[in-house]
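Trainee: Each chain, letter by letter, is given below.
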Amino acid sequence: MTAYIFKRVLAVIPILIFVGIATFSLVHIAPGDAANIMAGDYAGPDDVKLIRAELGLDKPVTTQFWEWAGRTLRGDFGKSIYSGRTVAELVSQRLEPTIALTIVGGTVAVLLGIPMGVFAAWKAGSRWDRGIQIFAALGISIPGFWLGFIFILAFAVYLRWFPVIGYVSITEDVFGWIKSITLPVALLAISGSSVIIRMTRGSILEVLREDYIRTARAKGLANKPVLFRHALRAGAIPIITVIGTLAGALITGVVVTETVFTIPGLGRLVAETVQNRDFPVVQSMLMLLASFYVFINLMVDLAYVFFDPRVRL
Amino acid sequence: MSTLLDVKNLSTHFNTSAGTIKAVNDVSFKLREGETLGLVGESGCGKSVTALSIMRLVPSPPGRIVSGDVIFQDQNLLKISEEEMQNVRGRDIGMIFQEPMTSLNPVLSIGRQLREPLELHLGMTKQQSLSRSSELLELVGIPDPATRLKTFPHQTSGGQRQRIMIAMALSCEPKLLIADEATTALDVTIQAQILEIIKELTDRLGTSVIIITHNLGVVARYADSVNVMYAGKLRESGSLDQVYKQPKHPYTVGLLNSVPTLDLDADIRLQPIRGEIPNLTDLPKGCAFIDRCDYAEQKCQESEPELEEVEDAHFGACWEHQRVNKNLLGITP
Ligand SMILES: Nc1ncnc2c1ncn2[C@@H]1O[C@H](COP(=O)(O)OP(=O)(O)OP(=O)(O)O)[C@@H](O)[C@H]1O
Ligand SMILES: [Mg+2]
Chain A
55 MTAYIFKRVL AVIPILIFVG IATFSLVHIA PGDAANIMAG DYAGPDDVKL IRAELGLDKP
115 VTTQFWEWAG RTLRGDFGKS IYSGRTVAEL VSQRLEPTIA LTIVGGTVAV LLGIPMGVFA
175 AWKAGSRWDR GIQIFAALGI SIPGFWLGFI FILAFAVYLR WFPVIGYVSI TEDVFGWIKS
235 ITLPVALLAI SGSSVIIRMT RGSILEVLRE DYIRTARAKG LANKPVLFRH ALRAGAIPII
295 TVIGTLAGAL ITGVVVTETV FTIPGLGRLV AETVQNRDFP VVQSMLMLLA SFYVFINLMV
355 DLAYVFFDPR VRL
Chain B
17 MSTLLDVKNL STHFNTSAGT IKAVNDVSFK LREGETLGLV GESGCGKSVT ALSIMRLVPS
77 PPGRIVSGDV IFQDQNLLKI SEEEMQNVRG RDIGMIFQEP MTSLNPVLSI GRQLREPLEL
137 HLGMTKQQSL SRSSELLELV GIPDPATRLK TFPHQTSGGQ RQRIMIAMAL SCEPKLLIAD
197 EATTALDVTI QAQILEIIKE LTDRLGTSVI IITHNLGVVA RYADSVNVMY AGKLRESGSL
257 DQVYKQPKHP YTVGLLNSVP TLDLDADIRL QPIRGEIPNL TDLPKGCAFI DRCDYAEQKC
317 QESEPELEEV EDAHFGACWE HQRVNKNLLG ITP
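In order, the protein sequences belong to chains A and B.
Be aware that the first sequence starts at 55, since it is given in the numbering used here, and climbs by one per residue.
Be aware that the second sequence starts at 17, since it is given in the numbering used here, and climbs by one per residue.
Each hint can be trusted.
Distance ranges between label pairs, derived from CB positions:
#1 L356(A) - K166(B): 17 to 27 angstroms
#2 A178(A) - Q143(B): 30 to 40 angstroms
#3 D160(B) - I67(A): 37 to 47 angstroms
#4 D160(B) - A178(A): 37 to 47 angstroms
#5 I196(A) - E98(B): 33 to 43 angstroms
#6 D160(B) - I59(A): 23 to 33 angstroms
To be clear, the hints were calculated from the coordinates, so they are not data collected in a lab.
Values in this document were obtained by computation on a predicted structure and should not be read as measured data.
Cβ coordinates follow ideal geometry from the N, Cα and C atoms, glycine included.
Please model the entire structure based on the sequences and the hints provided.
Mentor: Dropping the structure here:
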């Protein structure tokens, strides 16, 4: 067990190295030159050259890579070439809204998706089941930005229940914070829970046909323990997998959501800096997001072990 | 001994795209306290569905108990609420299933699964149920029970799993145990061990048993009385002696003649019953056994014989029961 966990954690290292190389290459292969953009339309070739030298872009690419890798390993993620602020500073400023959105959105999606999926499977073929399935189908197929605008129009502009844009820090005003994240969280939770509902329903439906469910019923267990202790645990693996995938997808979902609701989070930071070719920030951000992704996958792997005793062998 | 279980006119149907399957069709029988009843018949004749109907565990949809009464200890199990039924399952009626490999939940520890009925029905604390589970495993002959409780089903052999199932089914000392082909999937020596354990424990507890099996040898060894089922109906029922020595239905004769016995004369070959069981969605108007029967007459085609008492407490459903003779079928080619 401990050996298994240790092995999985060690396996992360080569992945992160690969991610580092890929991230660096991607940023440097991508068209558009940071120096050009920085210098602006009226700069001459000499100005651009100067800027290039300043940014270290005139050195060979491999040198640039080793320098970057060395700095990153020491925890120095560089500076924005525009604002001159360190990446750490930029990220920490933008971190709170993103974390709030992903954690609250993800939690709501799970807390909504799993019970609804289990319920739909239990009542398979009923009107409830059909209703939940329609919800899930809509939640998956409706584009997030469109639904976001509808939400803004309906609940923020027309009904005025929520602010149209912006984010209120939880440390400033808890009630304001709740109001400011309600719509974006709803958006994330609808698409997230839809995916979870589908997977949960399918998995539980399959498990409910198993002999051991009949055994559980024959013992006199009520529906709740049969469904949530026996069936959900036995059908947990595909559900955990989809939640892991979803956590990864939340990253992209957050970019869209933050853009639609004009929330100053990491998603917007990525979008802005990519447009500006602010490569130190983009590199670090990609590294950060990729590490998050790897971390989620690691968690999923470890969850398998926790939920399925057969994986240990 | 008083009657423990009284099944009256039980019918359970499955609605499928191919039509309504009458898996259990107007079945009635009684079981006394402490009695062991063998329920036999070919595959698909409705034995499991009868058992599941008593437990109210028929998968629905497509299954539905359409009519009948199941009187158990003065309450009608088909009339009580689902919550009341949950108190009967596992506490008053225990059940063991055929598939030991799939009947235990693979992701819950054996201890967890054993403790469930104890905590649910007997209100034990975790500590109490753990030590009781350990005792139960010991009782069914599992070595080192305390360690075994912490393991998972995949770390255990089929025979051991079936022992665990027995421990689980008998953990609340039920009045009735239903063993649905509890040993069919196991190899022969282990089969015998498992059956001995069931017999020993149920004798000790005074538990009534319904043994469902294809194996007439098992019935002969463990049962007091026999129900022979065919195409959803009981065709013969009586004491072990009555049914085995003077069968009153050609189907019973066929079953008996297809059992290998040690004292079989060398020139009497095993005689499988010819033909196949009829389609349960489209049963003939007359006797359902007619196509396979050597005694069939005009009357058998026209109307279905009901189960009637042919001698004291011996019931048969055959128009020609007086002509039925145990040896007859064995010597006709
Ligand atoms: N879930 C189900 N859906 C549809 N039909 C079913 C279902 N379960 C049982 N049946 C039908 O009910 C009939 C009786 O089945 P049952 O399982 O009681 O047979 P059995 O006598 O126990 O056979 P076996 O000896 O093979 O266990 C079968 O013909 C089967 O087709
Ligand atoms: Mg069966």
